[in-house]
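K.L.:
Required output: the full structure, derived from the provided sequences and hints.
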Amino acid sequence: MDEIRLIEVKEDILADNNRLADELRTRLKEKGTLLINIMSSPGSGKTSLILKTIDALGEDIRLGVIEADIESKVDAEKVSLRGVPVVQIRTGGFCHLDANMVNQGLEAMEQHTVDVLMIENVGNLVCPAEFDTGAHKNVMILSVPEGDDKPLKYPLMFSVCDVLLINKIDYLALADFDGEALRRHVFALNPTIKIFEVSCKTGEGIPDWAAWLREQREAFVKEWS
Amino acid sequence: MHELPITERILKIVLKHAERNAVSKVLTIRLGVGSLSDLEDDWLQHYFNYLGKGTVAEGARLDIERLPARALCDACSKTFDVPKGGIRGMKCPACGGGNATLLSGREYFIKEMEVL
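Just so you know, the sequences run in chain order A and B.
Mapping of the first sequence onto the numbering used here: residues 20 to 244, in sequence order.
Mapping of the second sequence onto the numbering used here: residues 167 to 282, in sequence order.
No incorrect hints appear here.
Computed list of lysine-lysine pairs in DSS-like fashion (alpha-carbon distance at most 27 Å, straight line):
{"id": "1", "chain 1": "A", "residue 1": "K92", "chain 2": "A", "residue 2": "K220"}
{"id": "2", "chain 1": "A", "residue 1": "K97", "chain 2": "A", "residue 2": "K220"}
{"id": "3", "chain 1": "A", "residue 1": "K213", "chain 2": "B", "residue 2": "K257"}
{"id": "4", "chain 1": "A", "residue 1": "K156", "chain 2": "B", "residue 2": "K257"}
{"id": "5", "chain 1": "A", "residue 1": "K156", "chain 2": "A", "residue 2": "K241"}
{"id": "6", "chain 1": "B", "residue 1": "K191", "chain 2": "B", "residue 2": "K178"}
{"id": "7", "chain 1": "A", "residue 1": "K29", "chain 2": "B", "residue 2": "K182"}
{"id": "8", "chain 1": "A", "residue 1": "K29", "chain 2": "B", "residue 2": "K219"}
{"id": "9", "chain 1": "A", "residue 1": "K172", "chain 2": "B", "residue 2": "K257"}
{"id": "10", "chain 1": "A", "residue 1": "K156", "chain 2": "A", "residue 2": "K48"}
{"id": "11", "chain 1": "A", "residue 1": "K29", "chain 2": "B", "residue 2": "K191"}
{"id": "12", "chain 1": "A", "residue 1": "K29", "chain 2": "B", "residue 2": "K178"}
{"id": "13", "chain 1": "A", "residue 1": "K156", "chain 2": "A", "residue 2": "K50"}
Don't read these hints as lab results, they were simulated from the structure.
P.N.:
Okay, here's the thing in structure tokens:
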């Protein structure tokens, strides 16, 4: 009879991903590309926000988009109509993007010079929060119809993001949405998070968000040069 | 929800160590998972049973220990436990400071394994 042995492993399950994510952050910084990871539930308005952001930033900032979906490329098609370089990643059933998938997207984006690269993560408030994509800033969208209680249900997502965009504020009159309660829950989780109220339908609030993005890009370039 | 990719990574690491140590069968794998993670233990085991088929880790049991979440107060540098359910409403018990850095609670790692 073989004897039972104990092997010490002591290995981080996500170490590979975290290492690659750090590498990507450094590599992109050297190239002057600010990587923004956009996360939300399905239907909160990630694609609409990207389209509005492209329009708001105009031509002096060169944008690129990495689209991630479990299936289909409908989002990539919408974005490419704006004349912005876009790469579609099919995650093949995976519920989130990881650094390796982003790395593949970057290789496909190689021939373009991009100042701000936006990642549209898979629509999901749970898994994308756990996997570092290599982004410099993490941004999430919560839309008014989803309700103000989401920070209680998905605390990690609200904790890891630098920005929360409250989208579809044109629905406020129709919804039982307590903006004060939302802010209270969110700030309790993440006191430094920046909150913007926007409507991708009416365009309200989009200039403030675009101005923030512009500031981040400027600060990034200054730090780098 | 992302138990499947996590399980794939666990299996990859386990098989690497099994090969290095000339293991004929993996019996138990001890994992440390931060208490802020929402991984479902049952699903990890379920996926592991599926992915591990035909390998030396087939049938191995995952023994998952939840590790407490700790935070470091930015103001007074004392550490404190983060309540289960998240860092919501985290106030330093020593000085009442509202800003703190999470030290642990989100980790996933393989501690050790029992093998033949």
